[in-house]
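Protein chains: 2
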Amino acid sequence: MTEHIVKAYGDELDQLTAEVARMGGLAEAQVADAIESVARRDVALGRAVIERDHKLDALHREIEKKAIRLIALRQPVATDLRRTLSAMKLATDLERTGDLGKNIAKRGLVLAEGEPMQPLTRSIERMGKLVSMRLRDVLDAYAASEVDRAIAVWNTDDEVDEHYNSLFRELLTYMMGDPRTISACTHLLFMAKNLERIGDHATNIAETIYYEVTGQEFIGERPRWNPDVAETTPEPPTTA
Amino acid sequence: MTEHIVKAYGDELDQLTAEVARMGGLAEAQVADAIESVARRDVALGRAVIERDHKLDALHREIEKKAIRLIALRQPVATDLRRTLSAMKLATDLERTGDLGKNIAKRGLVLAEGEPMQPLTRSIERMGKLVSMRLRDVLDAYAASEVDRAIAVWNTDDEVDEHYNSLFRELLTYMMGDPRTISACTHLLFMAKNLERIGDHATNIAETIYYEVTGQEFIGERPRWNPDVAETTPEPPTTA
Chain A
1 MTEHIVKAYG DELDQLTAEV ARMGGLAEAQ VADAIESVAR RDVALGRAVI
51 ERDHKLDALH REIEKKAIRL IALRQPVATD LRRTLSAMKL ATDLERTGDL
101 GKNIAKRGLV LAEGEPMQPL TRSIERMGKL VSMRLRDVLD AYAASEVDRA
151 IAVWNTDDEV DEHYNSLFRE LLTYMMGDPR TISACTHLLF MAKNLERIGD
201 HATNIAETIY YEVTGQEFIG ERPRWNPDVA ETTPEPPTTA
Chain B
1 MTEHIVKAYG DELDQLTAEV ARMGGLAEAQ VADAIESVAR RDVALGRAVI
51 ERDHKLDALH REIEKKAIRL IALRQPVATD LRRTLSAMKL ATDLERTGDL
101 GKNIAKRGLV LAEGEPMQPL TRSIERMGKL VSMRLRDVLD AYAASEVDRA
151 IAVWNTDDEV DEHYNSLFRE LLTYMMGDPR TISACTHLLF MAKNLERIGD
201 HATNIAETIY YEVTGQEFIG ERPRWNPDVA ETTPEPPTTA
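If you read the protein sequences in the order shown, they are chains A and B. Our numbering applies: residue 1 is where the first sequence begins, and numbers increase by one. Our numbering applies: residue 1 is where the second sequence begins, and numbers increase by one.
No lab work stands behind these hints, which were simulated from the structure alone. Because the structure is a prediction, the values reported are computed rather than measured. Hints are not guaranteed to be accurate.
Since copy identity is lost for identical chains, a pair holds within one copy or between any two.
What the hints assert, rightly or not - With a straight-line cut-off of 30 Å between C-alpha atoms, the simulated DSS-like cross-links for lysine-lysine are:
(1) Lys-193 - Lys-129
(2) Lys-106 - Lys-55
(3) Lys-89 - Lys-193
(4) Lys-89 - Lys-65
(5) Lys-129 - Lys-106
(6) Lys-55 - Lys-66
(7) Lys-55 - Lys-89
(8) Lys-66 - Lys-89
(9) Lys-55 - Lys-129
(10) Lys-106 - Lys-89
(11) Lys-106 - Lys-193
Work out the full structure, taking the sequences as your base and the hints as a guide.
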């Protein structure tokens, strides 16, 4: 009987992790397709991204519900508790990532109605590919519980910022040069901001992986063990 | 001995709630001051907002750490578990709210170096006051555990969207009319977007309060009890 309960508990935890991984795959596809839809002015693809977003919302709710049940019924501690709480956090980041992807796709539909804005959409595509790659890397790190790989993503966050800054300047120059493009350019501006935010979520995910695997808070410019704020998840008192 | 443990446990939970309330007060002040600094072109106030943001980050980390400890050591269930998980969620929303306030203040510093943009900053101020009010209302609802008040905030989210849309149109018109204002206007555009996002966080907070108090997920256009997805937090199995 006890054996059975322990096994089912492990299964539940594995299932939770698997659902987060699945949600990650979906979010990754949404972002990649959103960028593709903008780059190719593909209205059908853009609509598909918008339509598919509800799946991420449903998975988010599902993961949160399962995690809360698991905490309430199984009362996990140490590693298991970290895995459960991390699943909830990651689901929140992935849901937001999906929202941002959907927003990019929506703006893509508006842009597809106007003149092509070639050099600018190519810059968006470039930045989008960089952000997509970071998202893929950090989700691979999650699937493999590889802290080093997660930290590598964390450490290259400034690449996204550089892309954003140069794209921002490019857009301003464009708008000033031809005020008729202002309305379209504000959509591109928000797309760039959304991509930057997706990059931030990838960074958050990297921090969560670090916490899940090591039990330490990820702090500072380089990973380090801060004795003041970091401590392993405590075990429950043995005398209850 | 058991008496003592139970008391300390209740104290810990109360302390957690109090820290979230304190964090809420701080976030509220940050947003209000950020808007004030933009409206009055008050560089000193803007700098104070930016400088104070680290307090919210520290409180966020503190609340998260305490909540995790509480779950691990006390293994709360039902209402207590919901209170604990809600504290973690609210701290995340409030930390992001603070970030957005800081970003508004930073953009305010840039704008203060240029020409005053009177009608536009007044529109930002108006939208900012609306968003601040919603944030205050929802934090009052949290302090008083008043679900109806939280739902009232949730139900008026479209007011913020309306403000945002009209401000967006106003900004586009301004930029097209005078391309020299484009750079300044993009800052105002992002300020408006930040305020809209703060409004979204107030909505999230309302949903979390609803969940904490009722044990139900808040779904749909009006609060309703969905038997398929909502269920009360389960009690642990009695036969362990």
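Unsatisfied constraints (hint numbers, rising): The structure conflicts with no hint, since it agrees with every one listed earlier.
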